[in-house]
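A.B. asks: Each chain, written out:
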Amino acid sequence: GQNIDQPTEMTATEGAIVQINCTYQTSGFNGLFWYQQHAGEAPTFLSYNVLDGLEEKGRFSSFLSRSKGYSYLLLKELQMKDSASYLCAKAAGNKLTFGGGTRVLVKP
Amino acid sequence: DTEVTQTPKHLVMGMTNKKSLKCEQHMGHRAMYWYKQKAKKPPELMFVYSYEKLSINESVPSRFSPECPNSSLLNLHLHALQPEDSALYLCASSPGGGGNTIYFGEGSWLTVV
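Those sequence lines, one after another, are chains A and B.
Taken in order, the first sequence gives residues 1 to 108; the numbers are from the numbering used here.
Taken in order, the second sequence gives residues 1001 to 1113; the numbers are from the numbering used here.
In isolation and in its complexed conformation, chain B is listed as follows (with noise of 0.2 angstroms):
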């Protein structure tokens, strides 16, 4: 079963919202990934987790905020976000470790209004 889940798929939010999207695994998996893709892009990388911590940053602006609970949950905090960050927000996850394949969830469809 190579299944990541994402929950909501669909988020509608204010400027001045809070909102948090979730990402869960169960495949033992021990990295764990968040990417944004926009419409006709490929996705990019915002951060890695490795064995429950922070390991790359992609220079996010903070008002993208990850956390990961523990090995299977992953989540992403949105705070005071602007409308150029509406995208399909996507978590994957892999064993860890270089090289090993990354499972994407099906994603968050994100709109800022």
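Isolated chain A, as found in the complex (with noise of 0.2 angstroms):
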């Protein structure tokens, strides 16, 4: 398998920041996604890394490191509307496959 792993839950107070992190095997690596799933609702991309180094989008950034087979999903100024499920996902050609998910709650 791709043994993509991530923390099952976090919990955050609004306007903290959360550091989710991932680790996957290096094999095949085409690149790294992050999804961000609420609840029965569909995944919406948040962000894709190939290179190493950190990639910022407004209040979410995401890191990359290809040798260590590491990345991580900063969330910034946490709002309420980021609870919901993040998703890492691995690419390798045409093949992506996810970790389990982060449950993230945030709390007033």
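Keep in mind that the hints are not guaranteed to be accurate.
[Claimed, not checked] List time: in silico SDA-like cross-link candidates among lysine to any residue, alpha-carbon distance up to 20 angstroms:
#	chain 1	residue 1	chain 2	residue 2
1	B	K1040	A	A92
2	B	K1036	A	T102
3	A	K57	A	K81
4	B	K1009	B	H1026
5	B	K1053	B	K1040
6	B	K1041	A	R103
7	B	K1038	B	A1080
8	B	K1040	A	Q37
9	B	K1018	B	V1113
10	B	K1036	A	N21
11	B	K1018	B	E1052
12	B	K1036	A	K107
13	B	K1041	A	T23
14	B	K1038	B	P1069
15	B	K1041	A	P7
16	B	K1019	B	T1101
17	B	K1040	A	N21
18	B	K1040	A	F45
19	A	K95	B	L1054
20	B	K1019	B	L1078
21	B	K1038	A	G40
22	B	K1022	B	S1086
23	B	K1038	A	E9
24	B	K1018	B	G1096
25	A	K95	B	G1096
26	B	K1040	A	K68
27	A	K68	A	K107
28	B	K1040	A	L105
29	B	K1009	B	G1096
30	B	K1041	A	I17
31	A	K107	A	G28
32	B	K1009	B	K1053
33	B	K1038	A	D5
34	B	K1009	B	G1028
35	B	K1019	B	L1073
Hints were generated in silico from the structure; no laboratory data involved.
Build the complex: two chains, separate frames, hints provided.
C.D. replies: Here it is, written out as structure tokens:
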């Protein structure tokens, strides 16, 4: 398998910062995606990293280290609407394999 | 416009029924996918079509039969399903080639009774 690992659940306070880590097997790697999924809805694209480093998009940033098989998604200035599952996914060719997802609960 | 359209949004079918899920994209994408997602689980890949040819079948039971009539359309034909097949079925597309962003449709909720 792809052994894509991420924490099951995280809780944070509104306005705070949360970092969701993801580790994966490095073989056949083409890129690392992060998706957000609210309950009962389809996943929506957040970010895509193919080279090492940090990609910033507003309140969300994603980091990749290819040699370590490691990525993280950083959510800043948390809002209540950020409560959702965050899915790390590894691309290998045309195949996208998801980690188990991290449920983030934002509390007031 | 990054839109993948799926119909129907909800489907209830009996175990002896034959039904189809449909997916359409007009982004010129050359790769299309079917994923299955159970509650509180991540999406699991079922099939990949690349340039209208089936390139990946993740050992899916034959009661699920994909079809790609043209580069914009992807169907999933369902026959003799089991209650455990009840799930959210997600269609997705990407430009093609490795590592391109994959865009998901809103999904079809399937209940097998």
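A.B. asks: If a hint holds in the structure, say so; if it does not, say that too.
C.D. replies: To see whether the hints hold, each was checked on the structure:
1. B:K1040 x A:A92: Violated: K1040 of chain B and A92 of chain A sit about 24 angstroms apart, past 20 angstroms.
2. B:K1036 x A:T102: Distance of about 18 angstroms is within 20 angstroms: holds.
3. A:K57 x A:K81: holds, 17 angstroms
4. B:K1009 x B:H1026: holds, 19 angstroms
5. B:K1053 x B:K1040: violated, 31 angstroms
6. B:K1041 x A:R103: Distance of about 11 angstroms is within 20 angstroms: holds.
7. B:K1038 x B:A1080: Holds, at about 19 angstroms.
8. B:K1040 x A:Q37: holds, 11 angstroms
9. B:K1018 x B:V1113: holds, 13 angstroms
10. B:K1036 x A:N21: Cα-Cα ~24 angstroms, so violated.
11. B:K1018 x B:E1052: violated, 23 angstroms
12. B:K1036 x A:K107: violated, 31 angstroms
13. B:K1041 x A:T23: Distance of about 18 angstroms is within 20 angstroms: holds.
14. B:K1038 x B:P1069: Distance ~27 angstroms between K1038 of chain B and P1069 of chain B Cα, so the pair is violated.
15. B:K1041 x A:P7: Roughly 13 angstroms between the alpha carbons, so the hint for K1041 of chain B and P7 of chain A holds.
16. B:K1019 x B:T1101: violated, 30 angstroms
17. B:K1040 x A:N21: Holds, because 19 angstroms separates the two Cα atoms, which is no more than 20 angstroms.
18. B:K1040 x A:F45: Distance ~18 angstroms between K1040 of chain B and F45 of chain A Cα, so the pair holds.
19. A:K95 x B:L1054: The given pair, whose Cα atoms are some 13 angstroms apart, holds under the 20 angstroms limit.
20. B:K1019 x B:L1078: With a Cα-Cα distance of about 5 angstroms, the restraint between K1019 of chain B and L1078 of chain B holds, given a limit of 20 angstroms.
21. B:K1038 x A:G40: holds, 11 angstroms
22. B:K1022 x B:S1086: Status holds; Cα separation ~17 angstroms.
23. B:K1038 x A:E9: This hinted pair holds, its Cα atoms lying about 18 angstroms apart.
24. B:K1018 x B:G1096: Distance ~31 angstroms between K1018 of chain B and G1096 of chain B Cα, so the pair is violated.
25. A:K95 x B:G1096: Since the Cα atoms of K95 of chain A and G1096 of chain B sit roughly 11 angstroms apart, the hinted pair holds (cutoff 20 angstroms).
26. B:K1040 x A:K68: violated, 28 angstroms
27. A:K68 x A:K107: At roughly 32 angstroms apart (the allowed maximum being 20 angstroms), K107 of chain A and K68 of chain A break the hint.
28. B:K1040 x A:L105: Holds, because 14 angstroms separates the two Cα atoms, which is no more than 20 angstroms.
29. B:K1009 x B:G1096: violated, 26 angstroms
30. B:K1041 x A:I17: Violated: K1041 of chain B and I17 of chain A sit about 25 angstroms apart, past 20 angstroms.
31. A:K107 x A:G28: Between K107 of chain A and G28 of chain A the Cα gap is close to 38 angstroms, so the pair fails against 20 angstroms, i.e. violated.
32. B:K1009 x B:K1053: violated, 26 angstroms
33. B:K1038 x A:D5: holds, 18 angstroms
34. B:K1009 x B:G1028: violated, 23 angstroms
35. B:K1019 x B:L1073: holds, 16 angstroms
The earlier numbered hints that this structure contradicts are 1, 5, 10, 11, 12, 14, 16, 24, 26, 27, 29, 30, 31, 32 and 34.
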